[in-house]
Each structure stands twice: as structure tokens, then as C-alpha cells.
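6 protein chains.
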Amino acid sequence: MSGDTLIIINPNSSDAVTAGIDRAVDPLRRLGIPIRCLTLAEGPPGIESQKQADLTIAPMLKLAAAQKDAAGYVIACFGDPGLNALRDQTTLPVVGIQEAAVMSALTLGQRFGVIAILPASIPRHLRAFGAMGVLGRLAGDRALGLGVADLADPDKSLAAMIATGKRLRDEDGADVLIMGCAGMAHYRATLETETGLPVVEPSQAGAALALSHIALKQSHKGARHA
Amino acid sequence: MSGDTLIIINPNSSDAVTAGIDRAVDPLRRLGIPIRCLTLAEGPPGIESQKQADLTIAPMLKLAAAQKDAAGYVIACFGDPGLNALRDQTTLPVVGIQEAAVMSALTLGQRFGVIAILPASIPRHLRAFGAMGVLGRLAGDRALGLGVADLADPDKSLAAMIATGKRLRDEDGADVLIMGCAGMAHYRATLETETGLPVVEPSQAGAALALSHIALKQSHKGARHA
Amino acid sequence: MSGDTLIIINPNSSDAVTAGIDRAVDPLRRLGIPIRCLTLAEGPPGIESQKQADLTIAPMLKLAAAQKDAAGYVIACFGDPGLNALRDQTTLPVVGIQEAAVMSALTLGQRFGVIAILPASIPRHLRAFGAMGVLGRLAGDRALGLGVADLADPDKSLAAMIATGKRLRDEDGADVLIMGCAGMAHYRATLETETGLPVVEPSQAGAALALSHIALKQSHKGARHA
Amino acid sequence: MSGDTLIIINPNSSDAVTAGIDRAVDPLRRLGIPIRCLTLAEGPPGIESQKQADLTIAPMLKLAAAQKDAAGYVIACFGDPGLNALRDQTTLPVVGIQEAAVMSALTLGQRFGVIAILPASIPRHLRAFGAMGVLGRLAGDRALGLGVADLADPDKSLAAMIATGKRLRDEDGADVLIMGCAGMAHYRATLETETGLPVVEPSQAGAALALSHIALKQSHKGARHA
Amino acid sequence: MSGDTLIIINPNSSDAVTAGIDRAVDPLRRLGIPIRCLTLAEGPPGIESQKQADLTIAPMLKLAAAQKDAAGYVIACFGDPGLNALRDQTTLPVVGIQEAAVMSALTLGQRFGVIAILPASIPRHLRAFGAMGVLGRLAGDRALGLGVADLADPDKSLAAMIATGKRLRDEDGADVLIMGCAGMAHYRATLETETGLPVVEPSQAGAALALSHIALKQSHKGARHA
Amino acid sequence: MSGDTLIIINPNSSDAVTAGIDRAVDPLRRLGIPIRCLTLAEGPPGIESQKQADLTIAPMLKLAAAQKDAAGYVIACFGDPGLNALRDQTTLPVVGIQEAAVMSALTLGQRFGVIAILPASIPRHLRAFGAMGVLGRLAGDRALGLGVADLADPDKSLAAMIATGKRLRDEDGADVLIMGCAGMAHYRATLETETGLPVVEPSQAGAALALSHIALKQSHKGARHA
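Chains as they are written, first to last, in the UniProt record's numbering: chain A, 1 to 226; chain B, 1 to 226; chain C, 1 to 226; chain D, 1 to 226; chain E, 1 to 226; chain F, 1 to 226.
Derived from the structure by calculation, the hints contain no laboratory data. It is possible that part of the hints are untrue.
The list treats identical chains as interchangeable, and a pair is accepted whether it falls inside one copy or across any two copies.
Only pairs whose alpha carbons sit at most 30 Å apart, straight line, appear in this in silico DSS-like list of lysine-lysine [what the hints assert, rightly or not]:
(1) K68 - K156
(2) K51 - K156
(3) K62 - K166
(4) K62 - K51
(5) K217 - K62
(6) K166 - K217
(7) K156 - K166
(8) K62 - K156
(9) K68 - K166
(10) K217 - K51
(11) K217 - K156
Everything numeric in this text was worked out from a predicted model, so none of it was measured.
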């Protein structure tokens, strides 16, 4: 009983972030499958802790269930909150952008580096990479080192991303970088140019993977329930 | 100086296999990027050893270089012969179907099982999964256990695939299966139905990943050389 | 501003399970720290999926916050739902019974085997063991293979536990067993006798670890916030 | 035929170290199980090599066997010399402080850092962490970098511990620290305050784990021999 | 101040085992370096536990120190008791046969299988393979399943070795086998023929590695102490 | 139908490199087995990419097949191009110097550091170490950081090797070093003296291992085909 549209849910309540995600995945609209990006009104303005992430799951599941034209879902928060819960709820393809970003990065370089927005996110990332079984290919995971005020300043954010990317490359040996957040795809080209490394923007990676699964009618457990 | 077409190279010399790959990736043509499948005339009829695989690299590199309209490449042999050599030759996206199949499978189940055609392939697979750093998520890798004559019989092949898939599921704990060969996509639906597990056909996974990279202009090392 | 009582929260709504947990941890009361076991009224009767587990987190966090005499917490569901969310909410020690059971088992044998109630739990377990970084010491994780009706029958449950424990020992090489559920401590002695292996009951392991942390005033991140 | 007392054996011959261990575990005496700390007269003044560690095993086994009121044992040297030999000798619970410290740390932070007294200990630690299967969660293992004279100076030792702890936190990404020696528990609070990280003192962790096993009547192999 | 002879120490007191080791390494005498095999009179008749293994270390270190013409040492017990202790005592090359057998096997097949004499040895092996960091390449470790009486019967021992080797090959996927004991080199050829797999006899592997180190003047830490 | 000579093939076309390899293995000639070093005329002057490495395989296989007196082979390029292809072609022992160097290093120190000539080689090394399953023991892999002109200057090369070795020791914790190239054995003694660490020269390690296999008549798959 599936529809034709890829649903991307931003589990924080920031419409600006959703708009950034929408622009990020726009190049993938040429592939012909409709894509709709939604903001989770019940989410926090930004997700900074495991507690905040976990509390988005209940409303996210409801929002997802309400999308009657869904052909598949992307949960667009680096951290993939509710990824397996949504897979329990639907047989449609469900993709988490963190998981998709890592899998894409593993085909673009031997060791991946992650640019985290906040230091407190790093243990969460490491738990996730451990669950994915890919820690052996992690070069490093480094935070921008900016305070809240500076994070709001695009110039300072971009400069910190470039500096962090270069440290991941030079000190940690990363061959490919992952942006540890959604909605900053507009920095991707500059970051690639400045570091000389391929850069994975996770909402793009997530949407691309979901579109592939939809085109190939491949769900996480669809077959089992068919 | 890139073109607009995804080039898929079957490094064995069997036109029937190439035709099977072409049919496998056909559903992805709706995404709008042209796809052309080529047979490597200099390849062996089938690739059964590391020696045979390695000897396809030189002619494959020439064939790839001759495709002036290429927007990216897929090497369509489970074993990914010449994957990194072709990445050394071009800045366009280059995808190996083994690597792509594994990365796709890792988003479809917690432990993947591999259906190998021949027992001698298994050590090669294990070396590759080790190099990918994903052995912790391998449930098992089992061969069909058919002789050459039986492999040519579609009914016996399919029956052996189903039996092998069920052993991977029941004895090894696989949640998702990978077909360890190219060009057998026509068995995929039956295999999913019979085992109740999602099944990844590697040439489909490889083509889908390459199309994503093309749509997002993402190459293994393009940025570094820009 | 901490109290003196260890709070153990059963995140399912079954008072019978809570009573089983209470009995399981009773031998630890001789250590002199009060222990109080609570049922999460908002939880499902049993937790069988990631979705059900994730949906317990919000009410569990509220229930935990309401315990003004808490000296520390144990989340008594194998799967540790909300473990890191509760650690974000309090600086008191927070222990998950799955994590504690694994760490205890690693000091009792070289390879641990897990007796899962349901097959669908196994991928969740594997994600958790991967996040813990201990997959290299997992012998196997096997489900009881009982239907719902048989699970309600104590004799059939115990017989299936013994049979599963013996398979983990004989086929998978386990030296120590973990019961993959809370509230079945009354089977522990029989299971040890029948298999000849040490058996870890997770709510006991969780309570014991939490009591140690309390006695040593050791919290997951208390120091950082002092 | 077990007694009621936890026996902690310091395998070096320094009574001052034994006294430090005794003070370290004193808070655990409130749990109601008697604890007795013994010095191994035949041990070296300090254990600095694998050779010295191995040579303590024979007299340690005799000393352990002579404790007729033992309910369990802790071997209180970071390095756990004779841990499995003593498990071969008795069915009572036997805990090594290195193993216990690591398992405790794994519940207090995602990546653990170890403060080694001497650089030569680090390869021994790495072999042990490898045998435990937890290397994926090691942030780093760094030595104090003090000469023998400075190690005898408490102020210099504490300053070096703090500096080493901060390097493990800032350069290696440790979320939790382990003191790589016994008998220095008096530095723990300061080290936690200065680094903002939880700190595991191994003789405390070892005693706490042993007390848990005793309270739950859980031995490494008791069940097998019952 | 080193001599010219490779000293191989059998740490059990069985002269028959020492004679078996001597015959095993005889083909390596053509390489021109004298080899002398010694029995540790103070050792047990056979080493069956970690306790027995650890108790050989002290007399072994004395025996080693007394060999004034030593150019290097091999400790010829699968389990490598005292390996690092002897490396602490001398700057000459010191090789353990377990370590050498594993390293040799890793160049002869992708996954190694171990034929253990007794089931109780397997946890010891696993700790050692973990410390070596090679568990990812272990196919399996299986015991012969013979009682003491049958182990003394050469025909039954060989038959059990062949059966165990075939299980390691067929059920566990081993490509290469390691005999988990010293002094049974005379079974090697038959075992290779019957299983069709290369078989590593550890005392041969240990002696060969030690001879290489001697020929290349390569010690574990000689350089550091020069 | 094997001969009596160990054949060492340098797959680049530089006779100077071959001469360096010949001198490196000269101390092993005292072991009594003839050793002949060959230059692959069809190879590139130096191997700097995976593409160059892969293209040596076809002519290397022919050169190997033409050596009628071969008792075994060593492929003397760090990267082991064609290692498994040659094993497919012959039942004689075939050793790659990268694999042999790593296995030797693992018996000489707990963590190995690799001195790479060029930064671009490091991802290749990491893929190989991953396939070998030994990444858990890698301390670090660092390039010399020299341009082509400086690489041709022996003094600058040696100074860079020493500096790189010291960084691997001091920043990465290496206990043993591997020279990531063939034919520079003349620097080994100085590098050991300057760093105080054992240093493995890979063509020596490869030749030593091959001689062991020949003396023990041990081939990668000889037994299977006998």
C-alpha cells in the first residue's frame, strides 16, 4: 500500500534546517521521484543530547504514519533517532542519514573523518559506528570547537569546518569527510575545495540511498513481511 | 571533461552475463541517466580465480578509457577487480559491485550472508570484507555446492540459491542476503519470497550507488584533484 | 542532591515482572543500600520491538525524575532503552541491565552466550554489543524458539532455556550464559546446574553494578558536572 | 567449603601499597562483607616487568590457598598476574583489578584512557585489553613520564597524573580514566575534579566486583564444578 | 654476548615430547644453525591448565639463563608460557610456538583452524589470539574429544585429529590448520593428505621463525637495549 | 616438480632496487638454499599507484612460470601485487614481502609502525592490513614527506626515515618498525640504532619466511592439490 513520494523528516523544529535539507537534496529530484521534506513541530530547535534525540521518536513515528503517499522515509538527523523504530512500524524503505553517510563514505575513501558540531555528540557517534561495525575505518571524529554564538555565524562555522577537516586529514589520516549534521550542504563544495577531499553531506547521502531502495523496491524487511 | 553515461563493464567475456546485468539495472533507467553495459572481450568466460580476476585489469582499464561519454563506471564482477586501479586512472566515480552490495546490505539488515557460486571464491570475499572493515557484520559466506554442469541448469541453480540462503538465515543468522555474482537479478524476487529476507543483487546495488555519486557529482578523489 | 535508594525501573507494565526483578535483587539488600523496584505503568505488557522500547523512554524519564530519594538508577529491560537519555537527565549513576550483564559475564568466561526470548530481539542485541565493542567475545545469541502460548508455561520456558544454553555451550563455545530478559532469576540456579556454566541474570548484574557505583560515589558523568 | 571474607592480595612486597589498597576499599566495608588485604612477602617491591609479574604467581597461589576463611579473591596488581591460574585452583570468585577496572570504565564512558606508571607497561596493557576484546574502546594509554625519584614525590606524581589525564581527554578523546596502578585511590577525587572525567581506581573496582559475585554466589567456574 | 645455538625448551617434563620436538625440527638443521632441545625437569608431565603453565615460568627462566651458547630461544608449549618474561630476561630472539604457528598459518590460508588437545585449552587459546589481535581470522578451535586413555593411543589420536581437521574445514571454513600441541609433527603429512589443507606444526614454525631472526640478528628488543 | 632455488621477483624495472634486494637477503644465503633475484623488465621504474601495481601482475606471472628451478617465490614489492594470483598458478610456496613483514613484526613488538615512502600508498597499506585482519595492532603508517628529488638523496632519505620512525614511536606508540619498501636494507641498522626499535626490512622477512616454507615443504595450498 505504498505511495510514490520519498518523505524526509527533519526531527528538529527548525524550518530553516528543513529548508537547508530541501536544497541539499534538490539535485536528486532530477531522478524523477518526488521528495517532500517535513519539519517535526514537536522536536527541539536543535538536537544536542541523546535525551533530546530519543524524545523525538514518538512524534516522528506519528508524523511518518500520517504520510499516506510515502514510498520511503529518511530520518534527517545525524544520530538516526528512531531509525529502527520506524522500520518496526513500516515495511517501506527507511534510511537514516548517519548510516547512509557512513556507507557512502566507505566507498569514497579508506578512512573517514567526521566533523561534529558539538563535542558531546562524539560518544553518540562512536556508539553508532560501533553498532554499524565500521570503527576500523574511522580516522577521527572532531568537534568544531565553537560556542553557540559562533555557530550562528556562517563565516565562523565554515572556517571552523575547514580547519576541522584539515586536522582530520593531516593529523588523523582521513581520506573522506562526513559533515556531522543535516542542512549544511551549501558548504560542501567549499569544504571539498579547501581540503581536497570528497565530502559527504548526510541528507544527500540518505536521500540518494532511499531513492535507490525505492527504485529497486528494496525495504529493510519488506521481503520478510510480504 | 566528463560525459553523461554510466558505463558498466562486465569483465568476463560472456555476452549472456552482460545481458543479465543490463536487465538487472533496467529499473534504474527511470532515474534518467543513460546506462551502457559492456562486455570485456579479453576476459575469461567466467572469473573463478584471483589470477583470472587480476588478468582482466589491463584490458578493462583500456576499455574504460575508451568510453568518451562516461559519467562514471561500475565494475560488474563480484570481487571488484581493478577497482582502485580504475580510480587511479580517472577522477570520475568508480564503483565496485561487491563493495556497493555490502554497503547496501548493511542498511538492510544487521548481519549479511553471501551466496558464493564457488567455494574457492570465499577466501577472496573474506579478504575483501576485511579490507572493507566489515567482517564483524558477516553472518556467513556459503557456496552453492554445485558442479559446473548443474550451475548451467537454471532450476538447479535457483534451488541451490534458495537452500543456501535458508542455511545462511537459519544456521548463520543472516538478516539480509547478497548474491555473490552478477547477472542473476531475475532470481532475486523468488529468493526474497522463499527466504523472507531482503536480497541484494550486486550489479543493481553498484549501479544505484554510481548513479547517486553522479547525481551528486561525487567522485572517489575528484575533489583532491580539482 | 542525591538520596539513598537505588531505583530499579521495569519499563514494561507487568507487575509480575517487577515482582520477579524484586525477588532477583533481594540477595543484594544485605549490602545495606535500600532498593525500590518500580513498574512503568505507561509501558507495554512486554517489550518486543525497538519501537516499543523507544516509546518507553519518555515516561521512564518522568518516572525517574520523580524519585526524590534516588541514589542511582537501573533500567531493567534487556535492551537498555533510554540508558543514555537518563544519563543526560541526571548526574546520579545510571546502569542498564544489558550492559551490566555483559560486563559481568566478561569476567566469568571467555565467550558469552545469550538466551534471547524472541528471535526478533537478536539484531537489537547485536547492535548493542557492537556499540559496546564486545562482539569479539560473543559466542552466540539464540532464541528460545517458543510461541507465545509456550512462553507462558514455566516448565516449557525452563526446558527451552536449558536446551538453548546447551546449544550455546556445545555448538557456539560459550563459557558463560546471559539470560536475555529480566525477572527470571528463579531459573538461574537450575540453568547453572543443567549447563554447568555460570549464568548471569541481568537485573542482578545491573543492581550489583549500580550499588558499587553508589558505594564508590561513581557516576557516568558526575565528575564532569561537579 | 567457602568462608565469609574477601581476600585482596597485593602481589608486591610493599606494605605501604597494601595499606593504600586497604584505605581504597574501605568505603566498600559498609556493604557488610569482611575484607582482608594481604601483602605478598615474596613479591618484588614493585612490579615493573612481565618477568616480575609472572614470578609472583607461585607464591601468590600458596598465599591464596592458605586463607581458609576466603569467600573470594582479588589480585590487586594492574596486570592481573595469575588471574586464570588462581581460577584453576579455586571455585571461589577470583577478580583481577585490571579486568574489573576496564569493565567498570566501559559503563562510565565510551572511550577509556589509561594512566600507566611506566612506559614499559603499555605493551602488557595492550595484550591484556586485546585478550579482553575491548581495544575498540581504548582512547589511549599514556605513561606519566616520571623518573624513579619523581615517582616517589607525591606532588610530582599527582601533577603528572593530572597532566596525563588531560592529554588522554584532549588528544585521545577519553571520556573515563583508569588509574593503571593499585593503591593510589587518595588521588582519585582530585583527578576527577581536575579532569572533569570519572576516574576508576582499579582496586576499588576489583573489590566491588568481587563483592557482587560473592553476594550473588557467582564464581568464574563454580557452576561447572558443582 | 650471544652464542651460536638455538635453544628449544619443552616446558613439560616428558622426554618423549622433547624427542618428538627434536624430530620435528630436524629438517631445519640443514639450514646450518645448531639446534638443541631441552626438557624442563621441573615441569609437569603435560600442561593442561593455566596454573600448570604459569608454574613452569620460574624454572624455565633459570634453564634458559644457563644456556651459555644460546643464540635464541623457542618456548615449545602451545600457550607460550613465559614468552614475555623470557623477553624481559634476554635480548636474544625469543619465539613462542603458538605465536609463530599463528603467524605462519596467516600466510598459508585466509582462516585458520586449531586442533586443541583438550577442551579446557580453548579459552586460553582465545585469550592468546585476542592478545595477538588475530581473532578475525580464526575459523574455529575444536578439541579432539578424547579421554586420557584414548589420547595415549596413536591410532585414535590421529583419527581424532583428522576428524577434527575435517570439521574445522567443512563446518568452520578453515583453509589452514594448526596443531595445538608440540611434538606431534609425525602426524602432519597424514593430516595434510587427509584434509587437503596445509597444516602448521607449531614447534617447526617456532624454530623456523627463530632461525630467521637469528640469521637476520633480529631480537624482540635487542635494538632498544643496544 | 619443484626445483631448489628461491626466486625473488622485483616487480619494478629498476636493477638498482633488485641489487639492493639481493644484498638485503645475502645473510640468508648461509642457510644453504640458493636465492636468485630477478627484475621485471616490463614493470615501471617504481610502483606508486594501485594501477601500476596491478599492471605488473600479468608479466610477473609469466616471469615466475619461466623459472624452472623454482622451489618457491617471493614477490618483492611492498603491496604484494599478484600474491594470490601467483598462488593460483603454482603449488610452490609464494610469499609477499608486505605480508611477511607484518607477520614478522607481530612477533617483535606489540604495535607496528610503517614507514611509507609516499602518502598515496597509505590507503593501499590499510586495505592490505585490513585484509590480513591485523589493524588492531597497527600503531601508525606515516609517509616520509619527501619530494621526488629528495627521495633520490640517500642522506635526506635516511634522515626522513629516522624522523618518521621516531614519530611512529613517540606519537603513535610503535614498538617495532616496518620499512614500507624493498631494497633499503642498508639503512636498517642505523634506523634501529637511532630509534632503539627493532626494524623489519620486508624483503628479508619475505625471503626468510619463504625459506622456512621450503625447508618444511609448506605451500599455501600444496596439500590441497597433492
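Hints versus structure:
In the homo-oligomer, the alpha carbons of K68 and K156 never lie at most 30 Å apart, since the shortest distance is 41 Å inside one protomer and 42 Å across protomers. Taking identical chains as interchangeable, the C-alpha atoms of K51 and K156 lie at most 30 Å apart only when both belong to the same chain, with a minimum of 28 Å there against 39 Å between chains. In this assembly of identical chains, the alpha carbons of K62 and K166 never lie at most 30 Å apart, being 41 Å within a copy and 35 Å across copies at closest. Proximity of K62 and K51 under a CA criterion of 30 Å is satisfied in both settings, with 19 Å inside one chain copy and 12 Å between copies.
In the homo-oligomer, the alpha carbons of K217 and K62 lie at most 30 Å apart inside one protomer (23 Å), although the nearest pairing across protomers, at 35 Å, exceeds that limit. Proximity of K166 to K217 under the C-alpha cut-off of 30 Å is restricted to the inter-copy arrangement: shortest distance 21 Å between copies versus 39 Å within a copy. Taking CA atoms no more than 30 Å apart as the test, K156 paired with K166 passes in both settings, with 15 Å inside one copy and 27 Å between copies. Within a single copy, K62 and K156 get their C-alpha atoms no closer than 37 Å, and across copies no closer than 38 Å, so neither meets the 30 Å cut-off.
In this assembly of identical chains, K68 and K166 lie within 30 Å of each other by CA distance neither inside one copy nor across copies; the values are 44 Å within and 34 Å between. With identical chains, the CA atoms of K217 and K51 are at most 30 Å apart between copies only, with a shortest distance of 23 Å across copies and 34 Å within one. For a Cα distance limit of 30 Å, the shortest separation of K217 from K156 across copies, 26 Å, qualifies, whereas the shortest one inside one copy, 42 Å, does not.
Hints 1, 3, 8, 9 from the list above are not met by this structure, while the remaining hints are.
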